[in-house]
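*Asks:* Spelled out from the first residue to the last, the chains are:
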Amino acid sequence: MSEIIATLKKDYIYSLMVKGKRQDWRGFKDFRELKLETNIISKAEGSAKVTLGNTQVLVGVKLQKGTPFPDSQDEGVIITNLELNPIASPEYEPGPPREEAIEMARVVDRGIRESGAIDIKKLCITVGESVWIVFIDVHILNNDGNIIDASCLAAIAALMTTVVPNEQQGLGENVPLAMKEMPVGITLAKVGSKLMVDPSLDEEAVCETKLTIVSSSDGSVAGMQKMGSAPLSEAELFEAIDLALEKAAEIRELYLKGLAKSE
Amino acid sequence: MSDKPDKLITDDGLRLDGRRADEIRPMKIEIGVLSRADGSCYLEWGRNKILVGVFGPREAHPRRSQRADSAVIRYRYNMASFSVEDRARPGPSRRSIEISKVSREAFEPVIMAELFPKTAIDIFVEVLQADAGTRTAAINASSIALADAGIPMKGLITSCAFGKVDGQIVLDLNKDEDNYGDADFPVAMTQDGEITLVQMDGHLTPEEIKKGMELVKKGCKEILEIQQAVLRKKFATPVEDTEEEAAGTEKEGEKEESVPAPEAVQEAAVVEEAVKETEELGAEASEEPSAADVLSSEVIPDFDEELDEEIEEEFEAEEFEAEEEDEDLEDEDEAEEEEFEAESEDDLEDDLEDDLEEALEDEDEFEASFEGTPELKEFDEIEARLEKESVSIEAEEEIGLEPEAEEFVEEESSLEEESEVEETEAASEETIEPETEVEPKVETGEASTEAVEAEEEPEEEKSEGPWKVVKDPSEAGNRGEKDE
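Heads up: the protein sequence lines correspond to chains C and G, in order. Counting in my numbering, the first sequence tops out at residue 263, every number present. Counting in my numbering, the second sequence tops out at residue 484, every number present.
I should point out that these hints are in silico values taken from the structure, not numbers from a laboratory. Note that beta-carbon positions come from the ideal geometry of N, C-alpha and C, so glycine has one too. Each hint should be verified, as a subset may be incorrect.
What the hints assert, rightly or not - Think about it this way: if two alpha-carbon atoms lie no more than 27 Å apart in a straight line, the pair counts; the simulated BS3-like pairs of lysine-lysine are:
| # | chain 1 | residue 1 | chain 2 | residue 2 |
| --- | --- | --- | --- | --- |
| 1 | G | K4 | C | K121 |
| 2 | C | K35 | C | K257 |
| 3 | C | K194 | G | K210 |
| 4 | G | K101 | C | K194 |
| 5 | C | K122 | C | K180 |
| 6 | G | K221 | G | K4 |
| 7 | G | K101 | G | K217 |
| 8 | G | K101 | G | K28 |
| 9 | C | K21 | C | K35 |
| 10 | G | K7 | C | K121 |
| 11 | G | K233 | G | K118 |
| 12 | C | K21 | C | K194 |
| 13 | C | K122 | G | K4 |
| 14 | C | K29 | G | K118 |
| 15 | C | K43 | C | K62 |
| 16 | C | K65 | C | K121 |
| 17 | G | K101 | C | K9 |
| 18 | C | K180 | C | K257 |
| 19 | C | K194 | G | K217 |
| 20 | G | K28 | G | K221 |
| 21 | G | K7 | G | K233 |
| 22 | C | K21 | C | K9 |
| 23 | C | K62 | C | K257 |
| 24 | C | K180 | C | K65 |
| 25 | C | K29 | C | K9 |
| 26 | G | K175 | C | K194 |
| 27 | C | K9 | C | K19 |
| 28 | C | K122 | C | K257 |
| 29 | C | K19 | C | K121 |
| 30 | C | K122 | C | K43 |
| 31 | G | K4 | C | K180 |
| 32 | C | K9 | G | K118 |
| 33 | G | K218 | G | K175 |
| 34 | G | K175 | C | K121 |
| 35 | G | K4 | G | K101 |
| 36 | C | K121 | C | K43 |
As the list claims (entries may be wrong) - Distance ranges between label pairs, derived from CB positions:
| # | chain 1 | residue 1 | chain 2 | residue 2 | range |
| --- | --- | --- | --- | --- | --- |
| 37 | G | L128 | C | T126 | 32 to 42 Å |
| 38 | G | R87 | C | E167 | 31 to 41 Å |
| 39 | C | I87 | G | E30 | 45 to 55 Å |
| 40 | G | K211 | C | G170 | 47 to 57 Å |
Let the sequences and hints guide you as you build the complete structure.
*Replies:* Below you can see the structure in the form of structure tokens.
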């Protein structure tokens, strides 16, 4: 059903694109209204909710003691899980995660892991025996497009407000989770010949391909993933990188810098 | 697990396995290694060992997975439990599910799935031994296996990764470099350099990415040559055979094979991609295959572009209620202008026109000149079908604009009529081409020494396949058996 609607809407979205417009009259480089709330789940060690237009994503971070991986005995473990909750869309069904969910979870995870956002050495309790395992659970509450950017932002915001529950384990005082980097994911949808920032649900449905670029505060790229079946030219790739770095810097400045200071 | 070496790149700029920064690991490809699969490929790349089997197009199960308008492409990347140092748990992991998804998407732009509605094309990848870069190796192998299965594709997909090791950008990471390097950036691209897969993890600046993309393009080009050589080797048909077989039924083929047209060879040499091929063709090169070869590799993107633009044009037409026919003509002109190789194509068109007089008669339209060759006719048919689809959608949606939609339909039907005419006219050529394609399937593994004819085979394989299969798959199969 959604496929049929998408095909019908394609004409409309493309005709707007030709005129340099979008369905909701944003510019190609504009985000929808973005709202970030942190510390909204007191039971979680860290939490954040991102509202992006009508898209709502909630991330909860839980920490548990566990054993390290044999090849990284002095490092904590990061486990990212993303659930396409059936509450979020009539298309989602309960059951094991679909490839879409797995892919998004891994893109969010890659951004956090590869940018070195978490100082995982500081999560080691006893070398080779016990470390903190950081569970990043992303819950999609309402999918109105671009859940991946919302997830990336919510995840890093939740981590930045996470407190390591040392007291609970008799390990001394609770301390904020040691963070080193603020990765921001920006997804660009290729519609016709244009790249659009923050694609809406309809734009996502009709776009040829999407490219998610996660970048760090030093202007380097930490992760990338092309999603969708149409090809991308090299020029478009470089254009996308430049655009993503620009938008990521804006979001980092507006939403994440404040969290870092408040620690 | 070995410990991290002090240096991954030695002082003289060589990597631990002796490669330079811009060198890929040695690659070995075998084709048609599985008798039950429709197409198969075994690929070794460095210490990676990958086996790919392709099945289909076959009926898609479960039925609800079928698509009414195209084949469903399914890609399964699976790692054998013994392929890595620590035993991998059998069954799909989150990693393999992700790789399967992006790899499938890497092939979707080139596989002509629209020719096989309600079917499935299954690509099964088994990683037997893993040593970094398995997804790129698997994609390279799948490309060959798909060609081996005769799945119509617009081109081969090649894939290669670059990364950063000891601060240096290097091509095709090995295991140590992957483990201890700073970044990994797998890319898959079409023959025309369109990117169909991009993933990345690590730490790279935009400048490093630009540098790496240059390396990847070089790597992909080398891999493409290996892939083409393998396909040529398998699908090469001795020239004499073709002539003998052709002689009985086929005047056209005989003429093409026996009358070399040196001026065409020279002109074809102008075309960038065809340079090598034309040289290799040498004295025995015949005009028609070289022209068709070039066109099949170069014109396909044009048609894509043209299609895209036509779609855009259609929107504009809706918007401004202008006359479609004029715009379509404009559109074609634009496509011609924009295409950077348009000039050389024109030359080739002229050649074709000389050669295929009967197919070209009084046509003065741009498109018409393409219809002389079977491959291009195929694209016209697809184009026409796509146009028809979009028209029907428009007709449903834009009731107010119905008159316009009707005009489209009219145009469409006239296109079809044209192509039908061409079909009958080109029927003579048709008989010779399936032979070049079908025969190799039964002559598995026969290493042919005739590199000359081989030049065309991979291209023809891709472009002719759909056309033949669509028309009469059973007949084609029988022909192959008879040849044996």
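*Asks:* All hints, please: hold or fail.
*Replies:* Evaluated hints:
no.	hint	result
1	K4(G) - K121(C)	holds (18 Å)
2	K35(C) - K257(C)	holds (15 Å)
3	K194(C) - K210(G)	holds (21 Å)
4	K101(G) - K194(C)	holds (24 Å)
5	K122(C) - K180(C)	holds (11 Å)
6	K221(G) - K4(G)	violated (32 Å)
7	K101(G) - K217(G)	holds (23 Å)
8	K101(G) - K28(G)	holds (26 Å)
9	K21(C) - K35(C)	holds (24 Å)
10	K7(G) - K121(C)	holds (23 Å)
11	K233(G) - K118(G)	violated (33 Å)
12	K21(C) - K194(C)	holds (11 Å)
13	K122(C) - K4(G)	holds (22 Å)
14	K29(C) - K118(G)	violated (39 Å)
15	K43(C) - K62(C)	holds (9 Å)
16	K65(C) - K121(C)	holds (14 Å)
17	K101(G) - K9(C)	holds (25 Å)
18	K180(C) - K257(C)	holds (12 Å)
19	K194(C) - K217(G)	holds (24 Å)
20	K28(G) - K221(G)	holds (15 Å)
21	K7(G) - K233(G)	violated (40 Å)
22	K21(C) - K9(C)	holds (14 Å)
23	K62(C) - K257(C)	holds (23 Å)
24	K180(C) - K65(C)	holds (21 Å)
25	K29(C) - K9(C)	holds (21 Å)
26	K175(G) - K194(C)	violated (38 Å)
27	K9(C) - K19(C)	holds (16 Å)
28	K122(C) - K257(C)	holds (22 Å)
29	K19(C) - K121(C)	violated (52 Å)
30	K122(C) - K43(C)	holds (23 Å)
31	K4(G) - K180(C)	holds (24 Å)
32	K9(C) - K118(G)	holds (24 Å)
33	K218(G) - K175(G)	holds (21 Å)
34	K175(G) - K121(C)	holds (24 Å)
35	K4(G) - K101(G)	violated (32 Å)
36	K121(C) - K43(C)	holds (25 Å)
37	L128(G) - T126(C): 32 to 42 Å	holds (39 Å)
38	R87(G) - E167(C): 31 to 41 Å	holds (39 Å)
39	I87(C) - E30(G): 45 to 55 Å	holds (50 Å)
40	K211(G) - G170(C): 47 to 57 Å	holds (51 Å)
The earlier numbered hints that this structure contradicts are 6, 11, 14, 21, 26, 29, 35.
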